[in-house]
Amino acid sequence: MNCLVCNEPSKTNTRVCPACAGLDHAELIRRYCAHATSTSPLDMAQAIMAHPNFPVAGQAHHPLVAAVLVTAWRNATGADAAHRIDAAIQRGGSIPGGFCAGFGADAAAIACGIAVSVIEGNTIKAAHAPGRARAHALTGQAMLQIASGTGNRCCKRSVYGVLETATSYFNAALGVTLASASARVECPLSEANKLCNREACRYFPPGARPQRQARASPSSRKSHEGQRRDAVTLPETNTPAPEDA
Numbered sequence: 001m002n003c004l005v006c007n008e009p010s011k012t013n014t015r016v017c018p019a020c021a022g023l024d025h026a027e028l029i030r031r032y033c034a035h036a037t038s039t040s041p042l043d044m045a046q047a048i049m050a051h052p053n054f055p056v057a058g059q060a061h062h063p064l065v066a067a068v069l070v071t072a073w074r075n076a077t078g079a080d081a082a083h084r085i086d087a088a089i090q091r092g093g094s095i096p097g098g099f100c101a102g103f104g105a106d107a108a109a110i111a112c113g114i115a116v117s118v119i120e121g122n123t124i125k126a127a128h129a130p131g132r133a134r135a136h137a138l139t140g141q142a143m144l145q146i147a148s149g150t151g152n153r154c155c156k157r158s159v160y161g162v163l164e165t166a167t168s169y170f171n172a173a174l175g176v177t178l179a180s181a182s183a184r185v186e187c188p189l190s191e192a193n194k195l196c197n198r199e200a201c202r203y204f205p206p207g208a209r210p211q212r213q214a215r216a217s218p219s220s221r222k223s224h225e226g227q228r229r230d231a232v233t234l235p236e237t238n239t240p241a242p243e244d245a
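First residue of the sequence shown? That's 1 in our numbering, and the numbers climb one at a time after it.
Hints were generated in silico from the structure; no laboratory data involved. Keep in mind the model is a prediction, meaning the values are calculated, not measured. For each residue, glycine too, the CB sits at the ideal point set by N, CA and C. Among these hints, one or two may not hold up.
[Unchecked claim] Distance windows between CB atoms, simulated:
| no. | residue 1 | residue 2 | range |
| --- | --- | --- | --- |
| 1 | 14 | 200 | 33 to 39 Å |
| 2 | 192 | 101 | 17 to 23 Å |
| 3 | 200 | 127 | 43 to 49 Å |
| 4 | 208 | 86 | 25 to 31 Å |
| 5 | 19 | 102 | 32 to 38 Å |
Given these sequences and hints, build the entire structure.
What follows is the structure, given as structure tokens:
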């Protein structure tokens, strides 16, 4: 069995070899993308997120989106892109956690624009205005895709949605044929995510266990009602917590 990350034979016969088991998310993404041959950003994102140390939510998803798009582009075109993948990881990783809630823009969508900017080599000069426009257009489309969602924020849902949008955009606007997911995208982490939107999310596995609503006893309902009457409404803070990424 080859390691999921470095593609070397795993002596422990596990999905991730000991050398790759403790990687931080940036190095995990970098090592995986170095050997990946797929042209499907979604398939690659799913593989990376399957690493046991990859978080359910958080900042790690920002460089992930940018890197798998650049990697898929490299594999589809044959371009030399090692420095571009490094740049995508660095720029995506510079977006702080909690950005989606506190800054009016979702980092997964911005990461799509980062990928195009890196591929185009965009600068602020007029010569790169068309490339900037293409990057901004994809960011805008991805942002609208995320804005159509309801319920709790979910980094997995954002990643799946923007990569579907980006795959279509690369094919139509950049003339680069990227592959769709090899199978229906189903999130395997519904039980691990305490804020999972479950049946309200289109990536929720059809056969997953439905959420059970606990029935409150009369005494607990009375206590809860009393707590609601005594509750004090606290002012909201505009400083996002890292766990809200």
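So, going through the hints one by one against the coordinates:
1. Between residue 14 and residue 200, the C-beta spacing of about 34 Å keeps the proposed range 33 to 39 Å intact.
2. Between residue 192 and residue 101 the beta carbons are some 20 Å apart, a value that agrees with the proposed interval 17 to 23 Å.
3. Between residue 200 and residue 127 the beta carbon distance is about 46 Å. The supplied range of 43 to 49 Å therefore holds.
4. Between residue 208 and residue 86 the CB atoms are about 37 Å apart, so this pair departs from the stated range of 25 to 31 Å.
5. For residue 19 and residue 102, the hinted distance range of 32 to 38 Å is satisfied, since their beta carbons lie about 37 Å from each other.
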